[in-house]
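Chemist: Sequence:
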Amino acid sequence: MEEISRNLGRQLKKIRQQRLLSFDDLAKLTDVSKGQLAQIEKGDSNPTVSTIWKIAAGLRISFSSLLQPPQGQYLKINSAKIPFVAENDGKYRVYSIIPYDPERGWELFKVEMDPGCSHSSEAHTEGVEETITAIKGQVIVEAGDMCETLDVGETLVFSGQQVHQYTNGADEVTVLHFILQYK
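FYI, the numbering used here numbers position 154 of the sequence shown as 477, with every residue one higher than the one before it.
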């Protein structure tokens, strides 16, 4: 978690300075308090997944770009060493597997949900499409009028531009792969 806080702080400061934004400006864009933004930038805060999404949406950037250190020419991923962000008393864990790259236009996450866990996600920015594949367990996905249950091996594609909710429908840890496509 410490590594994520450092990366998040560095990335937020870099973006804020590149765009010549004050903390007041950033707070207005993200609907996150100046104080919390300053703590995040210093690496003194462990923000929730929802707060990171607010920052990403307000800055119109990807979630994973806030969590990743700068990358070189290639990317090798060791899933045992990937830092994660947890919410809901640690019952909902998000791992940024492949960070967003503008040339690629998408990012990949692994999400783990403990039994009984439910997570509500704010609407993403315009043009975001979510693709969710159940790797282990079962998840119930609700968005607008849609309510779909995904079992292992099933995939759902939907617009992320609306409030949506995920609920673990199994008696075991549910593992999901999320692809967020930016159009």
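Wrong hints could be hidden among the right ones.
[To be verified] Subject to a maximum C-alpha distance of 25 Å in a straight line, what follows is the list of computed DSS-like cross-link-like pairs (lysine-lysine): (1) 433 to 399; (2) 357 to 404; (3) 414 to 404; (4) 399 to 459; (5) 337 to 357; (6) 365 to 336; (7) 404 to 459; (8) 433 to 459.
Keep in mind that the hints were calculated from the coordinates and are not lab data.
Chemist: Run the distance test for residue 433 versus residue 399: straight-line Cα separation, threshold 25 Å.
Modeler: holds (16 Å)
Chemist: Going straight from one Cα to the other, do residue 357 and residue 404 come out at no more than 25 Å?
Modeler: violated (32 Å)
Chemist: Do the alpha carbons of residue 414 and residue 404 lie within 25 Å of each other, as the hint requires?
Modeler: With a Cα-Cα distance of about 19 Å, the restraint between residue 414 and residue 404 holds, given a limit of 25 Å.
Chemist: Within 25 Å, alpha carbon to alpha carbon, are residue 365 and residue 336?
Modeler: holds (9 Å)
Chemist: Does residue 459 sit within 25 Å of residue 399, going by the straight-line distance between their CA atoms?
Modeler: Measuring from Cα to Cα gives roughly 24 Å; hence the hint holds.
Chemist: Between residue 433 and residue 459, does the CA-CA distance stay at or below 25 Å?
Modeler: holds (11 Å)
Chemist: Straight-line Cα separation of residue 404 and residue 459 no greater than 25 Å?
Modeler: The hint holds at about 20 Å.
Chemist: Verify the proposed pairing of residue 337 with residue 357, using a straight-line Cα cut of 25 Å.
Modeler: Status holds; Cα separation ~16 Å.
Hint violations for this structure: number 2 only, all remaining hints satisfied.
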